[in-house]
Amino acid sequence: MNPLIKIEDLTFGYDNAPILEKINLEIFERDFVGIIGPNGGGKTTLLKILLGFLKPDSGSVSILGRSPDSVSKFIGYVPQYSEMDKQFPIKVKDVILMGLCESSSFSPRFSQKSYSKVYEVMELLKIRDLAEKKFGELSGGQKQRTLICRAIVSNPKMLFLDEPTASVDAAIEEDIYKILSDFNSDITILLVSHDVGFISNYVNRVACINRSLVIHPVNEISSEHALTHAYHENTSVIHHKCGL
Amino acid sequence: MDISAFFENYGFITNSIIAVVLSSIAAGITGTFVVVKKISYIGGGIAHAVMGGLGIAYFIGVNPIYGALVFSVFAAILIGYVKLKLKQNEDTMISALWAVGMATGIIFAYLTPGYNVNLLSFLFGNVLMISTENLWLLLILDLIIAAFVFVYYKQLIFITFDEEYAAVRGINVNLLTILLLIMVALTIVILVQTVGLILVIALLTLPSAIAGMFSNTLYKMILLSIALILLFSLSGLALAFSVNLPSGASIILMAGAGYILALAGKTIARSY
Ligand SMILES: Nc1ncnc2c1ncn2[C@@H]1O[C@H](COP(=O)(O)OP(=O)(O)OP(=O)(O)O)[C@@H](O)[C@H]1O
Ligand SMILES: [Mg+2]
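These protein sequence lines map, in sequence, to chains A and B.
Going from the first sequence to our numbering is simple: count from 1 and add 32.
Going from the second sequence to our numbering is simple: count from 1 and add 5.
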């Protein structure tokens with residue numbers, strides 16, 4: 033089976049010092065990969081390379097056999113931080129509609145079909161009642177759920193989520209993971225999270241990133257009892273195992 | 006008084022009202038983007054760079070508005086290039102264009118005999134003197150701006166709100182950003198006719214900032230901006246006619262007063 037995403041000997045640095053070094057990774061259809069690692073380990077950087085925002089210094093990245101920026105429209109992405117302007121005059125439903133925007137849609141209005149798709153994903157994330165609210169007035173967790181809707185509304189082939197549940201409450205977090213699990217029957221998911229114990233119930237592999245990358249099958253992770261507690265303990269266990 | 010005599014005596018009033026209406030449309034559309042994208046400093050830079058074009062056009066004896074067009078579009082592309090391609094902070098480039106544009110304009114104007122009066126009308130605007138040729142040009146520029154925003158409405162909101170995700174969706178962020186800056190440039194050329202290049206930036210920011218306080222979608226903000234600019238411009242013109250004041254400055258004073266009123270109203274409304 034051909035890998036969907038193929039990373040070979042990837043090295044990348046913002047200025048000089050490499051943030052990611054000699055990374056190799058293959059991701060296959062319907063993989064659900066958890067990405068963990070310490071703060072500053074390079075998780076977000078890796079996703080940005082996979083989306084084509086950043087170019088590797090050396091090595092290669094191909095997605096669906098092509099360069100990342102030419103296929104990013106098949107990817108749904110939930111950023112770690114939403115840096116959007118609070119004052120921006122835009123409603124929640126219009127933020128989600130942007131997930132359906134294409135370079136060649138030359139009409140100021142979206143179709144009825146687009147709206148029904150938007151309402152459908154809003155139901156799924158339980159934010160249907162927020163449709164007419166101004167995006168800047170939402171709480172952090174509501175914003176995150178809106179951005180998840182925007183990422184999934186286009187039925188992407190792949191979903192990249194960068195700590196999507198960092199500010200949602202426990203009940204919604206559980207919901208989100210269940211939804212992702214359902215999606216996983218047709219789409220490939222990369223999920224950055226610090227909650228190793230929790231994601232190990234859902235993912236099939238875990239990539240541990242701290243400048244270099246080590247990949248573990250999930251049973252290796254979930255067999256560690258220590259992983260159910262604080263993240264510091266988790267990292268130390270994984271550090272040890274990865275030899276990072 | 007019959008109609009032709011009216012136009013003979015008061016045609017300039019009709020012309021200036023048409024000019025004000027046309028410039029309100031462009032300023033409302035562009036001002037909204039300038040405010041939500043927070044690029045008023047870029048607007049200020051382009052406006053002052055235009056002076057270079059005006060000076061050179063005077064010197065070689067062509068309609069100054071063409072000089073303004075060339076310089077403003079050039080400045081917009083240069084700023085866009087520095088911002089997007091070189092990923093440098095564009096502030097330095099803007100300041101340079103701002104000052105060098107002014108200096109170029111002043112030198113060429115100085116070299117042109119009898120420049121004083123006309124140049125002053127570009128610094129502060131003189132909508133009462135606008136020519137029919139320039140009115141037509143205003144109309145064409147207005148149509149270009151309106152068509153551009155109509156066709157690319159979604160994409161323009163998107164690149165302004167979240168550039169990164171727009172790129173994920175395959176939207177050409179760099180090209181649209183440059184086109185957006187060119188739209189700012191064309192609008193500035195329009196507004197130099199009515200309020201002059203020094204006051205342009207006030208008309209691109211104050212009314213749209215007021216509109217932003219009361220809008221939850223971008224098209225409402227655009228429509229409200231246009232309405233407010235019309236209100237300020239027509240009341241400013243009325244003031245200018247009635248007590249014989251400079252038109253551009255009167256318009257800006259109206260906009261300033263409106264902004265303070267809106268801020269005060271909003272603050273009072275919040276405290277109750
Ligand atoms: N735009 C940037 N310019 C320069 N250095 C950067 C930039 N973004 C990130 N870095 C550096 O790259 C390293 C990796 O950052 P990255 O955001 O990928 O970490 P992360 O694994 O996502 O961390 P976190 O868990 O805190 O989200 C950090 O040391 C950071 O300082
Ligand atoms: Mg990160």
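Be aware that one or more of the hints could be misleading.
Far from chain B by the CB rule (all over 10 Å, computed), these chain A residues [claimed, not checked]:
(1) Asn48
(2) Ser114
(3) Asp126
(4) Ser135
(5) Lys149
(6) Glu155
Chain A is nowhere near these chain B residues, computed Cβ spacing over 10 Å in every case [to be verified]:
(7) Asp167
(8) Val173
(9) Ile176
(10) Met226
With a cut-off of at most 27 Å between alpha-carbon atoms, the simulated DSSO-like pairs for lysine-lysine come out as follows [said to hold, decoys possible]:
(11) B/Lys271 - A/Lys80
(12) A/Lys105 - B/Lys271
(13) B/Lys271 - B/Lys92
(14) B/Lys43 - A/Lys38
(15) A/Lys118 - B/Lys271
(16) A/Lys87 - A/Lys149
(17) A/Lys54 - A/Lys123
(18) B/Lys42 - B/Lys92
(19) B/Lys225 - A/Lys166
(20) A/Lys105 - B/Lys92
(21) B/Lys225 - A/Lys145
(22) B/Lys92 - A/Lys149
(23) A/Lys189 - A/Lys158
(24) A/Lys38 - A/Lys105
(25) A/Lys166 - B/Lys92
(26) A/Lys123 - B/Lys225
(27) A/Lys210 - A/Lys189
(28) A/Lys210 - A/Lys105
(29) B/Lys90 - A/Lys123
(30) A/Lys165 - B/Lys92
(31) A/Lys210 - B/Lys92
(32) B/Lys225 - A/Lys165
(33) A/Lys87 - A/Lys123
(34) A/Lys189 - A/Lys38
(35) B/Lys90 - A/Lys149
(36) B/Lys42 - A/Lys123
(37) A/Lys123 - B/Lys92
(38) B/Lys90 - A/Lys80
(39) A/Lys166 - B/Lys90
Hint data in this document are derived by calculation from the structure and do not stem from the laboratory.
Glycine residues also receive a C-beta, built at the ideal position from the N, C-alpha and C atoms.
Hints, verified against the model:
Residue placement check: A/Asn48 keeps its beta carbon more than 10 Å from all beta carbons of chain B (closest about 17 Å). The claim that A/Ser114 is not at the interface with chain B is violated, since a C-beta of that chain comes within 10 Å of its own (minimum 8 Å). Taking the minimum C-beta to C-beta distance to chain B, about 7 Å, the non-interface status of A/Asp126 is violated against the 10 Å cut. The Cβ of A/Ser135 sits about 5 Å from the closest Cβ of chain B, inside the 10 Å cut-off, so the non-interface label is violated.
No Cβ of chain B approaches the Cβ of A/Lys149 within 10 Å, the least distance being about 15 Å, so the stated non-interface status holds. Separation of A/Glu155 from chain B is adequate, the least Cβ-Cβ distance of about 22 Å exceeding the 10 Å criterion. The Cβ of B/Asp167 sits about 6 Å from the closest Cβ of chain A, inside the 10 Å cut-off, so the non-interface label is violated. Annotated as non-interface, B/Val173 brings its C-beta within 10 Å of a C-beta of chain A; the closest such distance is 5 Å.
Not every CB of chain A is more than 10 Å from the CB of B/Ile176 (nearest about 5 Å), against its label as outside the interface. Here B/Met226 does not stay apart from chain A, with its beta-carbon only about 5 Å from theirs, under the 10 Å limit. For the suggested pair B/Lys271 and A/Lys80, the alpha carbons sit about 41 Å apart, so the restraint of at most 27 Å is broken. In summary, the hint linking A/Lys105 to B/Lys271 is not supported, as the alpha carbons are separated by about 41 Å, beyond the 27 Å threshold.
Straight-line distance between C-alpha atoms of B/Lys271 and B/Lys92 comes to about 38 Å, which puts the hinted pair past the 27 Å bound. The suggested pairing of B/Lys43 with A/Lys38 is violated, with an alpha-carbon distance near 39 Å, which exceeds 27 Å. Distance restraint check for A/Lys118 and B/Lys271: the Cα-Cα separation of roughly 17 Å lies within the 27 Å cut-off, and the hinted pair is therefore satisfied. For a cut-off of 27 Å, the pair hint linking A/Lys87 to A/Lys149 is broken: about 33 Å separates their Cα positions.
Taking the CA atoms of A/Lys54 and A/Lys123, the gap is near 43 Å; set against the 27 Å cutoff, the hint is violated. At most 27 Å may separate the alpha-carbon atoms for a hinted pair to count; B/Lys42 and B/Lys92 meet this at roughly 17 Å. Using a Cα cut-off of 27 Å, the hinted pair B/Lys225 and A/Lys166 holds, with the two alpha carbons roughly 13 Å apart. For the given pair, A/Lys105 sits about 24 Å from B/Lys92 by alpha-carbon distance, which is consistent with the 27 Å threshold.
Annotation: proposed proximity of B/Lys225 to A/Lys145 holds, straight-line Cα distance about 23 Å (limit 27 Å). Using a Cα cut-off of 27 Å, the hinted pair B/Lys92 and A/Lys149 is violated, with the two alpha carbons roughly 37 Å apart. Straight-line distance between C-alpha atoms of A/Lys189 and A/Lys158 comes to about 23 Å, which keeps the hinted pair within the 27 Å bound. Distance restraint check for A/Lys38 and A/Lys105: the Cα-Cα separation of roughly 18 Å lies within the 27 Å cut-off, and the hinted pair is therefore satisfied.
For the given pair, A/Lys166 sits about 31 Å from B/Lys92 by alpha-carbon distance, which is inconsistent with the 27 Å threshold. Under the criterion of a C-alpha separation no larger than 27 Å, the hint pairing A/Lys123 with B/Lys225 is consistent with the structure, at around 12 Å. For the hint linking A/Lys210 to A/Lys189, the alpha-carbon distance of about 18 Å falls within 27 Å, and the restraint holds. For a cut-off of 27 Å, the pair hint linking A/Lys210 to A/Lys105 stands: about 24 Å separates their Cα positions.
The straight-line distance between the Cα atoms of B/Lys90 and A/Lys123 is roughly 31 Å, outside the 27 Å bound, and the hint therefore fails. Taking the CA atoms of A/Lys165 and B/Lys92, the gap is near 35 Å; set against the 27 Å cutoff, the hint is violated. At roughly 41 Å between alpha-carbon atoms, A/Lys210 and B/Lys92 are farther apart than 27 Å, so this suggested pair is violated. This hinted pair checks out: B/Lys225 and A/Lys165 have alpha carbons roughly 15 Å apart, not beyond 27 Å.
The suggested pairing of A/Lys87 with A/Lys123 is violated, with an alpha-carbon distance near 33 Å, which exceeds 27 Å. The suggested pairing of A/Lys189 with A/Lys38 holds, with an alpha-carbon distance near 15 Å, which does not exceed 27 Å. A distance of roughly 36 Å separates the Cα atoms of B/Lys90 and A/Lys149; the hinted pair therefore is violated under the 27 Å criterion. For a cut-off of 27 Å, the pair hint linking B/Lys42 to A/Lys123 stands: about 17 Å separates their Cα positions.
Under the criterion of a C-alpha separation no larger than 27 Å, the hint pairing A/Lys123 with B/Lys92 is inconsistent with the structure, at around 31 Å. For the hint pairing B/Lys90 with A/Lys80, the CA-to-CA distance comes to about 18 Å; that is within 27 Å, so the pair holds. This hinted pair does not check out: A/Lys166 and B/Lys90 have alpha carbons roughly 33 Å apart, beyond 27 Å.
Checked against the numbered hints given earlier, this structure breaks hints 2, 3, 4, 7, 8, 9, 10, 11, 12, 13, 14, 16, 17, 22, 25, 29, 30, 31, 33, 35, 37, 39; the rest are met.
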